[in-house]
Amino acid sequence: MGDLLFWHRLQFGFTSTFHYLFPQLTMGLALIIVALKGIGLARDDERFDLAARFWIRIFGLSFAVGVVTGIPLEFQFGTNWARFSAHAGGVIGQTLGMEGMFAFFLESAFLGLLVWGERRLGRRGHFLAALALFLGSWLSGYFIVATNAFMQHPVGYLVAADGSLQLADFWTYLLNPWALVQYLHTMMGAVVTGAFVVAAVGAFWILRRAHLEQAALFLKTGVIAGLVASCLVAFPTGDQQGKRVARHQPQALAAMEGRWHTGPYAELNLIGQPNVEGRKLDNPVRLPGLLSFIAYGSFSSEVKGLDQFPEDQWPTNLEFLYYGFHIMVGLGTLFIALMGLAALLLPGGRLMRARPLLWVLMLAFPFPFIANSAGWVVAEFGRQPWLVYGLMRTADGTSRLVHPGQTVFTSLGFAGLYFVLGLLFLFLVGREVNHGPEL
Amino acid sequence: MEMLWFWLVSVMVAIYAVMDGFDFGSGVLHLFVARSEAERREVLAAIGPLWDGNEVWLLAAGGALFLAFPRVLAAGFSGFYLAMFMVIWALILRGIAIEFRSHVNDLMWRAFWDGVFALASALLPILLGAALGNVVRGVPLDASGYFQIPLFTHFGPANPVGVLDWYTVLMGVLVLATLTAHGALFLAWKTAGPLHDRCRGAAGKLWPAVVVLALAATWATDQVNPALYRNLPRAPLAWVGLALFLGGLAAVFTGLKRSRYLLAFLGSSGFIIGILAATAGCVWPVMLPSTLDPAASLTALNASSGPTGLRAGMVWWFIGFPIALGYFGYLFWLHQGKVKAPKEGQGY
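Which chain is which? The protein sequence lines are A and B, in order. In terms of our numbering, the first sequence has 71 at position 13, counting the first letter as 1, and numbering is strictly consecutive. In terms of our numbering, the second sequence has 139 at position 125, counting the first letter as 1, and numbering is strictly consecutive.
Because the hints were derived from the structure by calculation, they are not lab data. Each residue gets a CB set at the ideal place from its N, CA and C atoms; glycine is no exception. Accuracy of the hints is not assured; some may be wrong.
Unchecked claim - Label-pair ranges, simulated between beta-carbon atoms:
hint, chain 1, residue 1, chain 2, residue 2, range
1, B, 167, A, 72, 28 to 36 Å
2, A, 104, B, 122, 32 to 40 Å
3, A, 101, B, 257, 56 to 64 Å
4, B, 121, A, 413, 34 to 42 Å
5, B, 325, A, 398, 47 to 55 Å
6, A, 392, B, 121, 41 to 49 Å
What the hints assert, rightly or not - A few chain A residues that don't get close to chain B, going by computed Cβ distances all over 10 Å:
hint, residue
7, 101
8, 105
9, 123
10, 224
11, 292
12, 308
13, 330
14, 336
15, 356
16, 370
17, 377
18, 418
19, 435
20, 447
Using the sequences and the hints, build the whole thing.
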């Protein structure tokens, strides 16, 4: 009970991870819905409108849960991380404020129209409503990633006389190069989630021999979007993100790879167990030289190990970071393979008859959620022990006067409430899937 | 610059109170005034397209506070820790109740969510009113710039203070009554038939009670924070607020008498904005007064962000604000006239 920092971190980690299960689906679906509406409009094809209508219903449910689980996070900056808010609010308040003004108003104004207004708006107007939700949700994503990017790689700030961080240059802060790369990587991850969910529903209906026309459309949409996004999430966005981490957070890269020693021709560890006490990776399976190449573009580049850094600058939970990274990368690789295979079978409708593969596609949909969550684990645990990289330690950002017992209490409250919320969401989405595409 | 931001935050809080206020009020009332499924859905159809956007004003006001006065946000949110989580959880339940209710066509399912919607809609104005009461009364801020208070102590406004005492509870009740009466006028404006008549009846009963409560709160505020009214002579904007407050009240009663419900609704909006503007005008520049030492109070002058941030925020604020107003104008235009209950599966 004594460790206030632990409970604050657990609570924020839990509430933000649970929250992000929903926006990743809505942001991914938003792009797919715009594409479906656009194709339907261009080809004057009712089938695409029907498909969009189904996914808008799922989008609406996911959006609602995303909204109500997102509000607590805005409050928690103040309730749980008061010293961080006071210290950095002069900078990060910009993007958090802009998110409300430019993204949330746009989304909230057109959500009702997207979900209920198709008849009223007509085909073209409804397409524009879908576009508004896509713009709003993707803009919202940018403001959040830009806020996080400041914590990962602070730019555009100055240290005021009272020690607090203040904005020095608006555009430098907003267009943080870290944010641009991380944003594209994150958004592609969201499209992977959306695409896998669309493909899974298509596969489910085909396996059940129900709604075959729509199911085939879902499958095709999901597989194509899934393949493209799975490739883009790895290359170039993931690759670029890795290079940034190597350059600016070398101890995070060392921990992600379970690397304790420094040297050229660094090997890439496919698998293995980090042994923190023994300062080594147990039972590794490794590819020689590849890490140097991935991180710096040449096999002979030196990659620093944790031995180069004082222990108080190591990420605080090495094992979690290491496994988070390997789960993300491993799943990402499997996604490319799975969607690639499915795409090969698309021509001629062979995928429709490949029942074992349809089973795999149907059951694969939870894994992008896991991969996206693992990705955020890598970003946030790699940043440790810093809250604002190099400027403020996480331990110095908490609300000092909040008693740990209060945080335990509210964490349990969230656990219970979110459990019920998750059940309700699955119940309602399950009903829609079971009901089929027609209203 | 600090003064401008103080007023921008106040404006956004006032818009939030007016906008989310009418859907809070509708939520409290709908159990009583809407007696059939069709009438419940009329209420939901009236607020459905707007409630989410209304709530964004809270987030936008919070964002502006974060940007311009981060130390106020940090001290206030962490100091009212448990009360804040009550607000958060009520907001979660309320949003879910509105969005999930009509998805399942089942008597018990809908009755359950209607109850959740009404309870959360009643709890939030009480909590927000109590928050306002705390900001007027003060909190035990010390030189560290932080405080932590329990939910209640001895229910008196003297140290050691709690979130709830007789004054803050009175403010909570005042806000609950005001927003319920405000919601009754909104529904009277947007609906027709027996539902309209009941809303009108509710408004007719609630508004006199609001006047009594407002008088009581005015007297009580003088007891709790005697310095407040002494600022009146040198606070011109507080006089504007006071004029809005009285003019709004006159418009409410005129509108009710002549059955002009848009006028009455605008009147109650003016009444709410007036109270908040008068309060903001009198407390300036104090944002969070200390009950321990006036020097430890957080003010718009000692708790603000650096000048570059304030300037940059101002630029995008004046771009974003008219756009946001435009969305609301469009939504009100699109949904003008009396609402009709949507068919099953075709609306809130």
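Here is how each hint holds up against the structure:
1. B:167 <-> A:72: 28 to 36 Å: Since residue 167 of chain B and residue 72 of chain A have Cβ atoms about 31 Å apart, the given range 28 to 36 Å holds.
2. A:104 <-> B:122: 32 to 40 Å: For residue 122 of chain B against residue 104 of chain A, whose Cβ atoms are near 37 Å apart, the range 32 to 40 Å holds.
3. A:101 <-> B:257: 56 to 64 Å: 60 Å, holds
4. B:121 <-> A:413: 34 to 42 Å: 41 Å, holds
5. B:325 <-> A:398: 47 to 55 Å: For residue 398 of chain A against residue 325 of chain B, whose Cβ atoms are near 51 Å apart, the range 47 to 55 Å holds.
6. A:392 <-> B:121: 41 to 49 Å: 46 Å, holds
7. 101: The claim stands: residue 101 of chain A keeps its Cβ more than 10 Å from every Cβ of chain B (closest is about 26 Å).
8. 105: Holds, since 21 Å exceeds 10 Å.
9. 123: 7 Å, violated
10. 224: 3 Å, violated
11. 292: At roughly 34 Å from the nearest Cβ of chain B, residue 292 of chain A sits farther out than 10 Å, so the non-interface label holds.
12. 308: Answer for residue 308 of chain A: holds, closest chain B Cβ roughly 31 Å.
13. 330: The claim stands: residue 330 of chain A keeps its Cβ more than 10 Å from every Cβ of chain B (closest is about 42 Å).
14. 336: 41 Å, holds
15. 356: Nearest chain B Cβ is 41 Å from residue 356 of chain A, so the label holds.
16. 370: Holds: least Cβ distance 26 Å, greater than 10 Å.
17. 377: 31 Å, holds
18. 418: At about 30 Å from chain B, residue 418 of chain A clears the 10 Å cut-off, so the statement holds.
19. 435: At about 24 Å from chain B, residue 435 of chain A clears the 10 Å cut-off, so the statement holds.
20. 447: 19 Å, holds
Hints 9, 10 from the earlier list are contradicted by this structure; the remaining hints agree with it.
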